[in-house]
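Q: Which chain is which? The protein sequence lines are A and B, in order. According to the numbering used here, the first sequence is numbered sequentially starting from 10. According to the numbering used here, the second sequence is numbered sequentially starting from 10.
It is possible that part of the hints are untrue.
Because identical chains cannot be distinguished in the list, a pair is counted as satisfied if it fits within a single copy or across any two copies.
[Stated by the list, open to error] Think about it this way: if two alpha-carbon atoms lie no more than 27 Å apart in a straight line, the pair counts; the simulated DSSO-like pairs of lysine-lysine are:
(1) 200 to 257
(2) 295 to 257
(3) 130 to 200
(4) 232 to 295
(5) 206 to 83
(6) 200 to 83
(7) 130 to 105
(8) 257 to 232
(9) 338 to 130
(10) 83 to 130
(11) 295 to 68
These are calculated hints, taken from the structure and not from any lab test.
There are 2 protein chains.
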Amino acid sequence: MTGRLIIALDAMGGDLGPEIVVPGAEFAAIRHPEHHFILFGDEARIAPFLAKCPKLAGKADVRHSSVAVAMNDKPSQALRRGRGQSSMWQAIEAVKNGQAHVVVSAGNTGALMAMARFILKTIPGIARPAIAAIWPTLRSETIVLDVGANVGADAAQLVEFAVMGEAMARCLFGLERPTVGLLNIGVEEIKGLEQVKEAGRLLRDSQLPLEYCGFVEGDDIGKGTVDVVVTEGFTGNIALKAAEGTAKQLSTFLRLALRRTLLSRLGALLAFGAFNALRERMDPRKHNGGVFLGLNGIVVKSHGGTDALGFATAIDVAIEMARNELVAKIAADVAEKNRLTELPAKPLIVASA
Amino acid sequence: MTGRLIIALDAMGGDLGPEIVVPGAEFAAIRHPEHHFILFGDEARIAPFLAKCPKLAGKADVRHSSVAVAMNDKPSQALRRGRGQSSMWQAIEAVKNGQAHVVVSAGNTGALMAMARFILKTIPGIARPAIAAIWPTLRSETIVLDVGANVGADAAQLVEFAVMGEAMARCLFGLERPTVGLLNIGVEEIKGLEQVKEAGRLLRDSQLPLEYCGFVEGDDIGKGTVDVVVTEGFTGNIALKAAEGTAKQLSTFLRLALRRTLLSRLGALLAFGAFNALRERMDPRKHNGGVFLGLNGIVVKSHGGTDALGFATAIDVAIEMARNELVAKIAADVAEKNRLTELPAKPLIVASA
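Given only the sequences and the hints, what does the whole structure look like? Please build it.
A: Below, the structure written as structure tokens:
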């Protein structure tokens, strides 16, 4: 898709709501002056931030909604309470109604997924949607899914995740044949969970136009061994957070170590540019944006605690997904997968006399 | 247990066998001159390394065995081929026969677990043994289990892992009441896998003398939120490797960043002490030693690719476990758990006339 995109933003989502969403939209508007934004949320709370963002003028409309989903609402509660009324609901509905091409929210993940599923429905042939994270690696970036939309997945669902993640990698990285691996506790075919081994067999034996590279282990994610790493949501979520925890731990250790002596402080001062480059490279704001895959519409989840710059990154991701027609790609790939994996009709057994 | 310990070493295990095991034993002998070592393996291959380790003289015996388990042997194959013959088998058997207090091997993890289970058997009341890793954290260290002995675990097994991990924390950290958390994808009680939620209920409602702190998330491991993190082996293994991958990735990025300009190189030179301190703090050789929990004997697995210093750390861990009578502690705790969780006998239902 080329031309002007309309981007629906849930202005009330995230820890700070409009305070980061509105300036985040302005950053995005500067980068992508051709697109347009619709801010869903409390007009009175949005207005003062909008007034401080002159570069959004003429590029953003506000649609008032009086209900905001809280970060700690249970999904079922948010669905009931926010039904038709909340900024989150209305922003998703704008995609459903064709008023917007994509929606971005920094709100409650569980509520966002529940509403998105309810309003947009899954693409025919997809059992369950997944959340894909963009993971910085030694080589560049890797897509990891599912990172928490579901708990548990059977072999067929893992294959669906592989197909969806591969389509996203083509959209995001511009690759023709992204490589795909299944996350496991060893690379040998005999190791691991039954459903992972079965998914491996299905992917290996399928005629799918998909570059399946076998099993990968936890440390292969950071190495960037493959472009897409497939796992079920429980393990994916824990791996993602364990890695985030380690990154924070190391940067804390580094900071403490550099403060220890006068000499190391001087060294740190001289190497300031290097540390800045490192910080930039690992900046979580530059890898922000969980993409909901498998729905009839594009929903991007920003980290709830990010700032305007981070929120703008999530908008960038949303724009890439819309420009490259993620939903159409997934729908076509899933249809192809189902055509290929459909069992041939069994021959009638003719009873011998 | 006080006094002299006898430590059985599988001299053929690991990527380099006796080349690291023998000098590793020497490092340990220098630190713990009161203890004694038995080196199991090929005498001809061990001898030249032993000759280079004068401080092991009089503190180590060699027991010849002609078979070595290969790092890529399947557990069933190693069990068959190495039956009674391999250095790994004989080292474990020494613990079984009371000739040694503890065994350390850097060999094939799957084979070591299969043999240890076969020879030592599980402690009565324990369904499945687990492997516990020592994870460096912002605060100090946390025990994480299971990191790969099993794939999947039900609620009762997770409770067993909690009891065993807590006993190990008392041995390793010298704490009276270590804190225990269950790894999950959210801290709310409604989130996550059914068996994790059920284990949470069991731990919360039990009368066990165990400081259960509820659910923890992936990033809580690196923060050191609790002393013991309990999970099943698939997720635990992937979380551990994802964190290791991230640590390697960051140190590579840091090295590259510091090489970029002359100024940053000069800075790195001045801050050399700080980087050294950081390297020391994160040195995987200082956190080496996976402890097999739930067996009638102490088995410590060293990383297969470590060096002599790393192997000596695994020996340190083994000594702590033996000194603090890990097996007896676990056996007592499991008996207590089973006493508490035993269901009261059901009253007979008297059929009414």
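Q: A separate judgement is required for each hint: does it hold in the structure or not?
A: Here's how the hints hold up against the structure:
| no. | hint | verdict |
| --- | --- | --- |
| 1 | 200 to 257 | between (31 Å within a copy, 25 Å between copies) |
| 2 | 295 to 257 | both (15 Å within a copy, 20 Å between copies) |
| 3 | 130 to 200 | between (35 Å within a copy, 23 Å between copies) |
| 4 | 232 to 295 | both (18 Å within a copy, 23 Å between copies) |
| 5 | 206 to 83 | between (34 Å within a copy, 17 Å between copies) |
| 6 | 200 to 83 | between (37 Å within a copy, 10 Å between copies) |
| 7 | 130 to 105 | within (9 Å within a copy, 60 Å between copies) |
| 8 | 257 to 232 | both (18 Å within a copy, 9 Å between copies) |
| 9 | 338 to 130 | within (17 Å within a copy, 53 Å between copies) |
| 10 | 83 to 130 | within (20 Å within a copy, 45 Å between copies) |
| 11 | 295 to 68 | within (24 Å within a copy, 56 Å between copies) |
In summary, this structure violates none of the numbered hints.
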